Amino acid sequence: MADIAFNLVLFFLILAKTQDDSNRLDWVPAKAAGGQAIKNPLISVTVDRDNRVYLNGQQIGLRDLTEKVAALLGDKPPTERSVVLKIHHETLAATFEPIMEAVSQAGGEVVHVIEDERPS
Amino acid sequence: MAAGPVGGGSGGAQTAWVLNLLTDLAFNLLIFFVVCASTAEDEKGRPQQMPSASKEKAAEQKNTNIEVAIGRTDVKVNGEDVPPAQVRAKLATLLAGKTRPEDKIVVVKSAKDAPYSHWIKVTGAIEQAGGAITLQLEEEQEVVR
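Which chain is which? The protein sequence lines are A and B, in order. When the first sequence is numbered by the numbering used here, its final residue is 495 and no position is left out of the sequence of numbers. When the second sequence is numbered by the numbering used here, its final residue is 151 and no position is left out of the sequence of numbers.
The following block holds chain B by itself, in its conformation from the complex:
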């Protein structure tokens, strides 16, 4: 902390005191901005609109909407194998001309062993193509032991 002579007689001592004060202030400001910068280390996120994850509704929509099946490494669009890099273009073609929001729903069915890194890329491609995602979940199976 700055602790120079207050109201010292000589001009040199006063200059040193002011310099000390300014150095303290500058140092504190530096620490403040360093802490702020590390706190503001922004995480990136992608909001995902999911109308519902209901089993029944998804099953009803299955017949009318586009269905995307996400496997461990592969993707099927309406049962047809599509390279992951081309999912966006394929869906954009399929969704072209569809104006009603309910027609843009894409039913996503994932294999149990599909990794998140693959899933997030495919669902991102669906959204970029203008689709709205609905998850089709597998029926829960009650296991009686």
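One chain only, chain A, in its complex shape:
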């Protein structure tokens, strides 16, 4: 019984991990200092190297972003309103600034996903 229980736990752990589609998108984080560990982000907005925008792994148009993020955030308390931005490091301001504005207008707290830059 214990064996089966263990295997079931593993099965669901792996399943939960693969359900986050944003892990499979093609983007490279920017390097910067001051990164903190992000725990269980509920909403992610990704911009890949071809400037395509994804909300929780599903491609989305910029015009719909505010509405969709607001719907996902609902009436969540301030501590649960984090929206992680996974922006490819070469993305230009013309693309990423409207995204930040959209998240901000939807009432989300912007969290930039970065790669910690080690001092040389």
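If you're looking for bench data, these hints aren't it; they were derived computationally from the structure. All figures in this text were calculated on a predicted structure; none of them were measured in a lab. Incorrect hints may have been included.
[Claimed, not checked] Under the rule of at most 30 Å between Cα atoms (straight-line distance), these lysine-lysine pairs were calculated in the DSS-like manner: (1) Lys406(A) with Lys110(B); (2) Lys96(B) with Lys406(A); (3) Lys115(B) with Lys96(B); (4) Lys406(A) with Lys50(B); (5) Lys406(A) with Lys115(B); (6) Lys443(A) with Lys115(B); (7) Lys443(A) with Lys50(B); (8) Lys104(B) with Lys82(B); (9) Lys110(B) with Lys96(B); (10) Lys414(A) with Lys50(B); (11) Lys50(B) with Lys82(B); (12) Lys443(A) with Lys118(B); (13) Lys406(A) with Lys118(B); (14) Lys110(B) with Lys451(A); (15) Lys451(A) with Lys414(A); (16) Lys443(A) with Lys414(A); (17) Lys50(B) with Lys451(A); (18) Lys82(B) with Lys406(A).
[To be verified] Across the chosen pairs, the derived CB separations fall in these ranges: (19) Gln411(A) with Asn84(B): 26 to 34 Å; (20) Pro107(B) with Asp401(A): 37 to 45 Å; (21) Ala412(A) with Asp109(B): 27 to 35 Å; (22) Thr79(B) with Lys414(A): 32 to 40 Å; (23) Ala380(A) with Gly18(B): 27 to 35 Å; (24) Asp450(A) with Gly103(B): 37 to 45 Å; (25) Glu490(A) with Ala22(B): 48 to 56 Å; (26) Glu492(A) with Phe33(B): 33 to 41 Å; (27) Glu490(A) with Gly18(B): 54 to 62 Å; (28) Asn26(B) with Gly432(A): 38 to 46 Å; (29) Asn382(A) with Asp109(B): 57 to 65 Å; (30) Phe386(A) with Asn26(B): 19 to 27 Å.
Glycine included, every Cβ here is placed at the ideal spot set by N, Cα and C.
Could you slot chain B onto chain A? The hints should help.
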């Protein structure tokens, strides 16, 4: 899976069964922790407080607050070219003595071709210097075709 004789007669067989059971358990525990470790592969993030990204408010604040213009590779603080590595020190000097939160607002204006990697470093320097970022966005231009 462990499948040894249960309640076997000889002591040797029982020892083998217990050993089998323990090996199974150890193996399962090993897999469990490996999966947990790969799941807990933490992403690093930087929260950014943005009071608002409104065009009007930012335009009003432009006259009273520090303005940082982020270009493709360069940075201007209140119109003066500052090497990116010195932005933090420059802003710390400018923000010194300012106690009210509204005085610490730094209006950030980015060129359309400023890359994210450059932008994130500059805005990080602003926050490290004690500034609060407000984005000044370019007016949207309606294009009628």
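So which hints don't hold here, by number, going up? none
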